[in-house]
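**Student:** All chains, full assembly: derive it from the sequences and hints.
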Amino acid sequence: MIRRVLIANRGEIAARIARTCARLGIETVLAASEADRDSLPARLATRAVCIGPAHAAASYLKPELLVQAALSTGCDAVHPGYGFLSERAAFARLCEQHGLIFIGPTPAQLEATGDKLRAREQAEKSDVPVVPGGPAASRADAHALARRIGFPILIKAVGGGGGRGMRLVEHWADFDSALELAAAEAGAAFSDARVYLERFVARARHVEVQILGDGTGRVMQLGERDCSVQRRYQKLIEETPAPGLSDAFRTRIHEAALRLAASLAYRGAGTVEFLVDAQRSEFYFLEVNARIQVEHPVTEEVSGIDIVAAQLAIAAGEGMAPLAPRATGCAIECRVNAEDPSRDFAPSPGLVGEASWARGEGIRVDTHIESGARVPPFYDSLLGKIVAHGPDRATTLARLRAAVNSTRITGVTTNLGLHAAVLADPEFAAGGVDTGYLARFLERARMPARHAEVSGHG
Amino acid sequence: MSLTARDVAEITKLLEDSSFDELDLEIDGLKIHLRRSGAPARNGDIPDLSASRAKGDVPEAGASSVGTGMSPFLSEVRAPLLGTFYRAPKPGAPPFVEVGATVAPDTVIGIIEVMKLMNAVRAGVTGVVREMRARDGALVEYGEILLLIDGRDGR
Numbered sequence: 003m004i005r006r007v008l009i010a011n012r013g014e015i016a017a018r019i020a021r022t023c024a025r026l027g028i029e030t031v032l033a034a035s036e037a038d039r040d041s042l043p044a045r046l047a048t049r050a051v052c053i054g055p056a057h058a059a060a061s062y063l064k065p066e067l068l069v070q071a072a073l074s075t076g077c078d079a080v081h082p083g084y085g086f087l088s089e090r091a092a093f094a095r096l097c098e099q100h101g102l103i104f105i106g107p108t109p110a111q112l113e114a115t116g117d118k119l120r121a122r123e124q125a126e127k128s129d130v131p132v133v134p135g136g137p138a139a140s141r142a143d144a145h146a147l148a149r150r151i152g153f154p155i156l157i158k159a160v161g162g163g164g165g166r167g168m169r170l171v172e173h174w175a176d177f178d179s180a181l182e183l184a185a186a187e188a189g190a191a192f193s194d195a196r197v198y199l200e201r202f203v204a205r206a207r208h209v210e211v212q213i214l215g216d217g218t219g220r221v222m223q224l225g226e227r228d229c230s231v232q233r234r235y236q237k238l239i240e241e242t243p244a245p246g247l248s249d250a251f252r253t254r255i256h257e258a259a260l261r262l263a264a265s266l267a268y269r270g271a272g273t274v275e276f277l278v279d280a281q282r283s284e285f286y287f288l289e290v291n292a293r294i295q296v297e298h299p300v301t302e303e304v305s306g307i308d309i310v311a312a313q314l315a316i317a318a319g320e321g322m323a324p325l326a327p328r329a330t331g332c333a334i335e336c337r338v339n340a341e342d343p344s345r346d347f348a349p350s351p352g353l354v355g356e357a358s359w360a361r362g363e364g365i366r367v368d369t370h371i372e373s374g375a376r377v378p379p380f381y382d383s384l385l386g387k388i389v390a391h392g393p394d395r396a397t398t399l400a401r402l403r404a405a406v407n408s409t410r411i412t413g414v415t416t417n418l419g420l421h422a423a424v425l426a427d428p429e430f431a432a433g434g435v436d437t438g439y440l441a442r443f444l445e446r447a448r449m450p451a452r453h454a455e456v457s458g459h460g
Numbered sequence: 208m209s210l211t212a213r214d215v216a217e218i219t220k221l222l223e224d225s226s227f228d229e230l231d232l233e234i235d236g237l238k239i240h241l242r243r244s245g246a247p248a249r250n251g252d253i254p255d256l257s258a259s260r261a262k263g264d265v266p267e268a269g270a271s272s273v274g275t276g277m278s279p280f281l282s283e284v285r286a287p288l289l290g291t292f293y294r295a296p297k298p299g300a301p302p303f304v305e306v307g308a309t310v311a312p313d314t315v316i317g318i319i320e321v322m323k324l325m326n327a328v329r330a331g332v333t334g335v336v337r338e339m340r341a342r343d344g345a346l347v348e349y350g351e352i353l354l355l356i357d358g359r360d361g362r
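Taken in sequence, the protein lines are chains A and B.
Mapped onto our numbering, the consecutive letters of the first sequence carry residue numbers 3 to 460.
Mapped onto our numbering, the consecutive letters of the second sequence carry residue numbers 208 to 362.
Honestly, the hints are just simulated from the structure, not real lab data.
Note that the Cβ used here is the ideal one computed from N, Cα and C, for glycine as well.
There could be a bad hint or two in this list.
[To be verified] Pair ranges (Cβ atoms, derived): (1) B/Ala345 <-> A/Gly352: 34 to 40 Å; (2) A/Gly321 <-> B/Gly344: 34 to 40 Å; (3) A/Arg49 <-> B/Met325: 21 to 27 Å; (4) A/Thr48 <-> B/Ala311: 38 to 44 Å; (5) B/Arg359 <-> A/Arg49: 36 to 42 Å; (6) B/Ala345 <-> A/Ala24: 24 to 30 Å.
**Tutor:** Rendered as C-alpha cells:
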C-alpha cells in the first residue's frame, strides 16, 4: 500500500501522475525546481517543495535532493516519470537504501537495459532478432565488424538511447573520424565512451510494444505503438495499432517483447522498441525504455488500462491481477512543442498568452500549460499531447484533425501548424509511413510555422 | 567586503532622492532590493528565470532585503539548498547564533543536511540577528527564509 508519492519530475507527466494518484486517494509531493514552483503540477499535487534552482543539474538531476525531499515529507514511494533520473540505476538504488519504493524497474534491470550492448545481448539470448552489429571496442574490431555488416552503418553510444549519441556513416572514408567523434561525444554526454555498430535499416518503421511486469517473471503486453513520424529520432506523432501490420506479424512482435521482458523478470512499465521492415515482414530489437513513455496515452485509450495506476499497483506489490486490457479501436497522439518548425525547430520558451486546448468526443489532452503559464528555457519544449481515440483510424484521424485545428496557443511559437499539415497529408492518412517520412515531408512542404501571435500595441 | 549601516543609509537616500520606486543592487554576492513604501510591486514579481539563476549554481546564502512594510535594513538569509536545517553543530550543543548575535558575512548561522552531508550556511552580511524563521530539525526548501539580519548595527 502506497500512501504518499514524491513526484520527481515536472511538466505534463508530473500533472499526469498527480491526477491518477488523486483518483486513487494517494497523496503527492511535487519536487519542483524554482522555475516550476507555480506550475500546474505544483497546484495539482497535495504539496510542493522547492528542491533547487531552475537548472536541472542542480535540481531534477540531483538524486540526494530528491531522496531527502521524499524522506523529509514522509513519502513512501518515488515516481520518476520519464527523462531526468527515471532510468538512473543509482537513483533507484538510493531510494531503496532509504526505504523508499522506486516506482520502476529494479536497479539491476535499469543497469541491464541502460547498457545498450547488454540489452542487445539479452535480446539475442531471448531469441529476439537484432540488427546485424556489435561492439566496437577497438578500431580494429570496428573495421572488421564494419566490413561484415556493410554500409550504411549507425554508430551508437552504449550508454545512450532515444537517438542521442548516434551517427550515421555512409562510406568508409568517413568511418574513422565518425568513430572517434562518436566516442568523444558519448564520453562527454553519458560518461561512457563505448560505442557499438549497427547496420542502418533504411525505410524502416519504429514500432514499440508496451509491457508490464510484476517482477516475478509474470509479464503482459498492452499492444504496440507506431512512432515512425519522427525528426532526428524525436517522436512527433504516435499511434496504436500500427497501421497495416498483419495479425500474425503483430503477434510475433508482441511475443518477442514478452520473451525479453520475461527473461529480465521485468518489474513495472516499460517499452521494447523495434525497427520494422514491413515489406519483408521482419523486425529487429532496438532498445528497452525502462520507464513510462511520453506516448503512453494512446495505449491507455485503446487498452483501457491506466498505466500510472498499474505502475503504482506493481510497486505496491499488488501485482497485475486486476488488469484486463481490451483493444478498442485506434488512438493517435500529437506532441505539441514550443518550437518553430520554420527555424529548424528552435525552442520557443516564454510566457503563454492564451492556451485553449481542444475538447470533444474521443479527445484527451495531457498538459501542464494553461493561459498565462511560463515555458522555462531550461527543459524540453513539450507543451502537451493531444490524443484522439475512435472506433477506427479514419474516425480517429478526423477527430484529431479537428482537435489540432481548434487548439489555440498564443505567446510562444508551436508546431501545431506542422501537425495540421501532416494530419492532412494523404501519405500519412494512408498509414504505415517510415521514419524518413517527416524529413521528406518537410523538404516537400517547407513548412511555415504557426507563429506566436503578439497581442497589444505591435 | 561588508556594508556598513552608513552605506545602507546612503543607498536608501539615493533612492529617496531619485524619481524611481525601486532599486536593486548587487555587490559581491550581496543583493539589496529597496522599494518605496506604497510603490506597486513589480509586474507579477516573478523572478526572471532566464537571468541570474540560469547558471544553475547554488547561490550563496544571505542576500536580499525584505519586502514592503518592513525595515529596509533587514536582510533575509535564505536556504541555499533543500534539506534538514540545524541551528546547532550537534544535538544538545548551543546554537550557532541566537537572536541578538552579531554576525559577519562568513559567520556560520546553521547547517543544512542533505543525505548525511552537512552544508554550512553563512550569514552573507554583517549585522545583528533579529529573527529566527526556520525551526531546528525542520525541512527547509530551496530559497526558504532561515533568519533575518538587521544591517544597521553592523560594523
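**Student:** Each of the hints needs a verdict: does it hold here or not?
**Tutor:** Right, here's what the structure says about each hint:
| no. | hint | result |
| --- | --- | --- |
| 1 | B/Ala345 <-> A/Gly352: 34 to 40 Å | holds (36 Å) |
| 2 | A/Gly321 <-> B/Gly344: 34 to 40 Å | holds (39 Å) |
| 3 | A/Arg49 <-> B/Met325: 21 to 27 Å | holds (26 Å) |
| 4 | A/Thr48 <-> B/Ala311: 38 to 44 Å | holds (41 Å) |
| 5 | B/Arg359 <-> A/Arg49: 36 to 42 Å | holds (37 Å) |
| 6 | B/Ala345 <-> A/Ala24: 24 to 30 Å | holds (27 Å) |
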